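Student: So you can see what is in the structure, the chains are spelled out below.
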Amino acid sequence: MNRSIRLRIALAVFAVVVSLVALQIVYVLERFKYTLTEEVDDRLFEGLADLRVVLAAGNAQDWIDQTMAAQKTENEMFVEVRDADGKLVARSANIPATGFPNALEIAHGAPPRFWEFRDPRGKRTSSRRVRALETWVGDYRVNIGMSLKEVQRWYWGLRKNLVSSLVALSVAVALSAYVVAARSLRPVSRIAAQARALGGLSDGVLPRTGSGDEIDRLAAVLNDLLQRIREEVMRVRRLTADAAHALRTPLTAIRGHLELDAAGENGASEPVEIAIEQVDDLIRFVNRLLFLEKLESGLAEPVAREKLDLLALARALVDHLRVIAEERSISLDCLGESAWIEGDAGQLRQAILNLVDNALRHTPSGGKVAVEVGVRGGAAELVVTDTGRGLPPDQLERVFERFYSTRAGSGAGTGLGLPIARAIARTHGGDVTATSPGGARFVLRVPLAGAA
Amino acid sequence: MRVLVVEDELRVRSFVERGLREAGFAVDSAVDGEDGLRLGLVNPYDAIVLDLMLPRRDGLSVLRELRSGGRATPVLVLSARDEIDDKVRGLDAGADDYLPKPFAFAELLARVRALLRRGTARPSLLEVGDLRVDLLSRKAERAGTRLDLTQKEFALLEYLARHAGEVVTRTMISEHVWDMNFDSFSNVIDVYIRYLRRKIDEPFEKKLIHTRRGVGYMLSAAT
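Chains F and G supply the protein sequences, listed in that same order. Numbering of the first sequence is given in the numbering used here, commencing with residue 32 and proceeding in unit increments. Numbering of the second sequence is given in the numbering used here, commencing with residue 167 and proceeding in unit increments.
If we strip away everything but chain F, and leave its shape as in the complex, we get (with noise of 0.2 Å):
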């Protein structure tokens, strides 16, 4: 996420210098151009300048011929006179016998006509143009040019050089840009990794960078909402919390009164035992939602740490299970290594048994359960798998959600069964997740002992 951004800004300041540099370095090579191509004009009139003298002293082949040989190939002149009717009078012997292209093209007396044409011994027509000024001195027609390797060169190599400092810059400028945002952002995963280490709605606020720029404010904004947030969350639960509370001893003596009567001289009669039944869903399930809240509210008594053994607990688990497997024909096997952990061994049996309770409870009859301990990467890992139908992606986060409970099985549980498991593992300084890779898959982690 925050790569692309980088990534993003990057590609725009690039795309953005790109174009802009590209706009200039067009704007100047012509400007660039346009000023040696004066210069080259300027050059021709001083010729036509000295053409009109030497023509008027009649020796203008003489003259030609030696500025000819003065001459650098590079910004050669081209000149060939011819009188009123079309007659040559001289000529400079680099223009071949063809003449100049365009000869006699100018009407007598009318103003100077600046053109260019290819010189013929030229290989390459980029580097063998030739500007060219057809005019009128006095009665000679004189066609005067000069070639523009010069120029070309000159341009050339401008070119060259403004294109190779574009790409260098624009690449600096980018990568600048890149970095200049992965700076600024860094504060963005800092938080990401803060609010995903909250996780629950345990203490802890987001990291400020205290410069007071947008991210910062953005991470005060939400640290404000996070701890809203959470003293909303404190009074729902306080509220659930005090209700389970309050309905323990009204539940007590229903309970205790129905049972006097049940007991009873006649025993008890069919309503007063499904009464009695009821209370007990009731009963167990306060006790479950104030075991979750007292876990989840991290005052949970303080876990009792001892050094178990994953495996034996599971083991120890399962074989005291197998009969409930076994009546409904479903296979129930534990198997794997030794995985020392320090815990609560009531509380971690209590997160073992609601996770292979609810795999049994999901799992069609002639099916499989397997629960396999093991280490991985560092932590202690309890596998439950079941070849029940699976979970569908939407649900593998929300079956550890309150009373959230859509899994269709025998026996409904009272939807606390995972949340309370999960709490459990938190407690721990694990955690549960599921997957789904056909069955569900419930795993467990645990840090190993002396890991935490």
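Some hints here could point you the wrong way.
Claimed, not checked - Per the computed footprint, the stretches of chain G lying under chain F, defined by three or more beta-carbons under 8 Å from a beta-carbon of chain F, are: (1) 228-239; (2) 351-363.
Unchecked claim - Which stretches of chain F does chain G cover? Using the computed rule of at least three CB atoms under 8 Å from a CB of chain G, they are: (3) 277-287; (4) 348-354.
Everything labelled a hint here was simulated from the structure, so no lab data went into it. Values in this document were obtained by computation on a predicted structure and should not be read as measured data. Cβ atoms here follow ideal geometry from the backbone N, Cα and C, with glycine treated the same way.
Given the coordinates of chain F, work out where chain G should sit on it, guided by the hints.
Tutor: Just chain G now, kept in the frame of chain F:
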């Protein structure tokens, strides 16, 4: 047998009193800690049922005063709070047993009886009708026929036989026979009761294992 019940909650006190009377005990009751302590120090009770949360003087303090006053009367502590530290504190202060609320009356009764039985010799042979349970050789027979029981089945039968004629709850069974006390375990007990019935009652006309629906089980030769 005379029992003192110290409990401020009328709703709870009334059925505890009534139940104990129906079970044949003479019952006195107190509604607060001061009252309870006074009665406990004056009268020679065989057992005291003491709530922890009491007005005027809390249960733990009553317990301490009783003990420092030289009263060795067995005390069963009740508490709406089932925090483990309460349990520990209660036992430290001299309680003999502890029962969290809500509880089944059968359980309270069984615990009171257990307190009263304390110190009496335990027989090594239990007889219920024509059923004989030999605790030394760990063998059981009915009407002269040897019963082939697994270890767990025998342990369950032994527990039922020790409380013959009394209702025992599933909680009591799981605590004493399986040494486990937690939620959802009662199904296992029901299965074992079924196994036991198949061996002890099915071949015979007179049934010894009785179900008290919503309460528990009872082993009894009486109908």
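Student: A separate judgement is required for each hint: does it hold in the structure or not?
Tutor: Tested hints:
Under the rule that three or more residues need a Cβ within less than 8 Å of chain F, the assignment of the region 228-239 of chain G is violated, with 0 such residues. Coverage of the region 351-363 of chain G by chain F holds [criterion: at least 3 residues with CB-CB distance below 8 Å; count 6]. Taking a C-beta to C-beta cut-off of 8 Å, the region 277-287 of chain F contributes 8 residues in contact with chain G, enough for the three needed, and the coverage statement holds. Counting residues of the region 348-354 of chain F whose beta-carbon sits less than 8 Å from any beta-carbon of chain G gives 3, enough to reach three: the coverage restraint holds.
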